[in-house]
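Novice: Please put together the full structure from these sequences, using the hints given.
Chains A and B, in that order, give the protein sequences. Under my numbering, think of the first position of the first sequence as 890, with each following residue one higher. Under my numbering, think of the first position of the second sequence as 11, with each following residue one higher.
A portion of the hints provided could be inaccurate.
[Claimed, not checked] Subject to a maximum C-alpha distance of 35 Å in a straight line, what follows is the list of computed DSBU-like cross-link-like pairs (lysine-lysine):
| no. | chain 1 | residue 1 | chain 2 | residue 2 |
| --- | --- | --- | --- | --- |
| 1 | A | 919 | B | 106 |
| 2 | A | 994 | A | 919 |
| 3 | A | 919 | B | 102 |
[Said to hold, decoys possible] Per label pair, the in silico range of CB-to-CB distance:
| no. | chain 1 | residue 1 | chain 2 | residue 2 | range |
| --- | --- | --- | --- | --- | --- |
| 4 | B | 111 | A | 991 | 38 to 44 Å |
| 5 | A | 965 | B | 71 | 25 to 31 Å |
| 6 | B | 94 | A | 988 | 19 to 25 Å |
Hints were generated in silico from the structure; no laboratory data involved. This one's a predicted model, so the numbers in the text were calculated from it and none came from an experiment. Glycine is no exception: its CB is placed at the ideal position from the N, C-alpha and C atoms.
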Amino acid sequence: MSQSYNRGLVEDFGRWREFSAGMWAWIFHKFTGWVLIGYLFTHIAVLSTAMEGAASYNSTIQGLEGLLMIRVLEVGLLAVAVFHILNGIRLLMVNLGIGLESQDKSFYASLFVTALIVVASVPTFLGGGL
Amino acid sequence: MAERYSSFAPGGTSWLLQRITAAFLIGVLAFHFFQLHFVTHAFEVELAGTQARMENPAYYLTMVSFLIAAAFHGVNGVYNALVNQGIEGTQKTALKWGLTAAGIVLVVQGIRVANAMAGVSIV
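Specialist: Laid out in structure tokens, this is it:
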């Protein structure tokens, strides 16, 4: 089925009370996608220090990882990546026509499992080496 | 049927490639996070360890494929999101080629970095 819907402007935040679960899933998937592609450019830029040799690479990675703020941001990155993965699986299922009737429940499940994984990972991400 | 929420027109090549790269990225992104935060902690990463991993051809090929798939998936996603948002004409053309160029720069630089890590030298 190819049908378009007039969703109005997402940027009109005053409309947020009208949004359904599917609309929120779409907004979160877009937002997390923007963050991930932005991060990929930064990631390759940081890893490029490997071309300068071990001293440059090691001091850059360990210097960044020694900052609490970077570790907190990495927890945020984990949350963004896990949600994008889980909601991505949900989207692939929807595309295959599996579980269409419960697509709102699978969105809530994606949020819940993301929260569980992120909370469980906090000690690993924030602890050690600081 | 519930409303269809997507930035992509269904059935097109870009839609299909976005799904194929998604299926690949789901596994590899999870592996990458697990490998570099839980198996090797990020604060323990040193070039010697990175080189040891990247010298394994299977790991190298997985990481380069990961880079290419992620760059395509991200750039294609941004393009379709903005087209879906309503940009057209010259802006759309400029966006298409700007993002294509950014994606190519990202992949080329990523492969140069991967080669430096794996000890591969290409002229």
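Novice: Please go over all the hints and tell whether each is borne out by the structure.
Specialist: Evaluation of the provided hints:
1. Using a Cα cut-off of 35 Å, the hinted pair residue 919(A) and residue 106(B) holds, with the two alpha carbons roughly 18 Å apart.
2. Pair hint residue 994(A) plus residue 919(A) holds up; C-alpha atoms about 19 Å apart against a cutoff of 35 Å.
3. With a C-alpha separation of about 19 Å, the suggested pairing of residue 919(A) with residue 102(B) holds against the 35 Å cut-off.
4. Distance hint check for residue 111(B) and residue 991(A): the Cβ-Cβ separation is about 42 Å, which falls inside the suggested range of 38 to 44 Å.
5. Between residue 965(A) and residue 71(B) the C-beta distance comes to about 30 Å, which sits within the given range of 25 to 31 Å.
6. Distance hint check: the CB atoms of residue 94(B) and residue 988(A) are about 24 Å apart, consistent with the given range 19 to 25 Å.
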